[in-house]
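Position chain B with the ligands against the provided structure of chain A, taking the given hints into account.
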Amino acid sequence: MIIDQNKIDETIKIIKANGGHGIQKCVQCGACSAICPGVKAGFPLLCRALIKDLLNGLLEENIENSSSWGCQACNRCTEVCPQGVRPQEVVFAFRRYQANELAFSTSAVTSQMNLYETGHAVFTDPKEARRKVGLPEETPTSAFNEAAQQEIRTLMDNSPMGELGLF
Amino acid sequence: MEQIGLYLGCNIPLKNPDIEQSFRKIFPALDVQPVDLEGAGCCPAWGTAPSFDLNTWCAISSRNITIAEEKNVDIMTGCNSCFGVLSEAKHFLETPATRTAVNNSLAKINREYKGTSDIYHVAHVLHKKIGLTKIRENLKYKLDGLKIAVQTGCHTLWPSDVYKVKEDNPYFPTMLKELCEVTGATVCHYSRLEGCCGMGGMRSTDAEKSLKLFKEKLLSIKEETNADMIVTTCSSCFMQFDMSQPILKGRGVIDFEPIPTFYYTQLLALAMGFDPQQVACISQIDRNPIIAEIQSDTRRIKEGM
Ligand code: SF4
Ligand code: SF4
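If you read the protein sequences in the order shown, they are chains A and B. Going by our numbering, the first sequence opens with residue 25, and the numbers climb by one from there. Going by our numbering, the second sequence opens with residue -6, and the numbers climb by one from there.
I should point out that these hints are in silico values taken from the structure, not numbers from a laboratory. Even glycine gets a Cβ: it sits at the ideal position worked out from N, Cα and C. There may be inaccurate statements among the hints.
As a list, the in silico DSBU-like pairs of lysine-lysine whose alpha-carbon atoms are at most 35 Å apart [stated by the list, open to error]:
no., chain 1, residue 1, chain 2, residue 2
1, A, Lys156, B, Lys107
2, B, Lys64, A, Lys156
3, A, Lys64, B, Lys159
4, A, Lys64, B, Lys140
5, A, Lys37, B, Lys159
6, B, Lys121, A, Lys151
Listing some non-contacts, in silico: residues in chain B with all C-beta distances to chain A over 10 Å [said to hold, decoys possible]:
no., residue
7, Leu47
8, Lys133
9, Ser289
Stretch-level coverage of chain B by chain A, calculated; a stretch enters the list once three of its residues show a Cβ under 8 Å from a Cβ in chain A [what the hints assert, rightly or not]:
no., region
10, 95 to 102
11, 237 to 248
Bound-form chain A, shown alone (with noise of 0.2 Å):
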């Protein structure tokens, strides 16, 4: 492997940016990969794996490895890391730039759309469950509620999300 100096620098310039603070006093131990429930479920690149990559500089060539979509941001990797990485801001760090890219499946747009419009990523009619279990049938949530989906929207159009043309 070529080592580049600018791309590593550059990589770990943007994954701090995007929330990754801890990368650089990783030293690769694995204590992060041993407990991680992803790397068990078969999520190659995540927790030391994908920081060795990312202090190598390898950034543009993971942009499509799923891996970090697989992440359960669980923090067993922080809890253990003996260096204080917090390896799930690092792996989240990677995801967000991942996302900006629009590098993600189709299927998380849904998840931004519901709660651009409704204030909910999950959103299911609710109305006959509540009635079944004699709750009332709106809840006292942003669903049924225009002024704090406003809110909400204000808050995501107002964001770096706003301009990816998401919702």
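Chain B with the ligands alone, transformed into the frame defined by chain A:
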């Protein structure tokens, strides 16, 4: 009566309102009054804003938190993901630069994050505020002889440094175990106790990988405990156990009947004598036999005993 903001999230009020109803039944009976946080939305879920931009995540989370701040109440949530997302956002908002940026966004909707409301999980309120003794005093049925396998779920355990209430050892959680034992039931240990059920981002990204992880956990429960039921304090884990056991059974991957699964407050509501048609009536797996067993006359606790 002490008040606490009931933060509902998405799945509980929209898909499993019987869990919401169980909160609304048990807490007032235990002298805690849940108050609605009108207009609260998604926490936001891991696959949405947290996957795009840290400050947008914190802005949407803090909007929810400000609704509780205005009412001078802390927040209680029953969904582990909501608990994790809101707790982490609160942790990030301790950084002055983040707080300033987020409050600039919130100003556009006439809100300001102050940091005055703490985030609790339903299990924390039950275990730490209400306490085991008070729960025991309010039972109508005793569950002696029934065997439970517990599933705490990831997002109340790690990373322990961002949570208001912590387990002594997050890899060996005991709060849910104790909450179940107070009903008289036996909670059996199994080797994959701290294991992930495979729900969450993993389930939507690759269902087969998720099921593989789930199967390993399920077999550990079945072989090591032969539990009568699984009890969880995570609504996502609840959905995985309730939806995926029948899938594995249908495929012939497991040869035993799916194990009935309850969210903890459903079990407690049943043990406190509430109507199963209101607090535990939405599930894929047939729970009627175990519910009838829980609320059978022989288990009724006589007044004054
Ligand atoms: S546990 Fe920490 S130091 Fe060890 S490989 Fe993982 S991130 Fe690096
Ligand atoms: S947070 Fe993600 S990377 Fe860390 S242990 Fe959990 S699944 Fe693995």
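So, going through the hints one by one against the coordinates:
1. A:Lys156 / B:Lys107: violated (39 Å)
2. B:Lys64 / A:Lys156: holds (30 Å)
3. A:Lys64 / B:Lys159: holds (26 Å)
4. A:Lys64 / B:Lys140: OK: Lys64 (chain A) and Lys140 (chain B) at ~29 Å, within 35 Å.
5. A:Lys37 / B:Lys159: Given pair Lys37 (chain A), Lys159 (chain B) holds - Cα atoms ~34 Å apart, limit 35 Å.
6. B:Lys121 / A:Lys151: Holds. Lys121 (chain B) to Lys151 (chain A) sits at ~34 Å (cutoff 35 Å).
7. Leu47: violated (5 Å)
8. Lys133: About 19 Å separates Lys133 (chain B) from the closest Cβ of chain A, which puts it past 10 Å; holds.
9. Ser289: holds (23 Å)
10. 95 to 102: holds (count 4)
11. 237 to 248: Not satisfied, violated; 0 residues make the cut.
In summary, the numbered hints that this structure violates are 1, 7 and 11.
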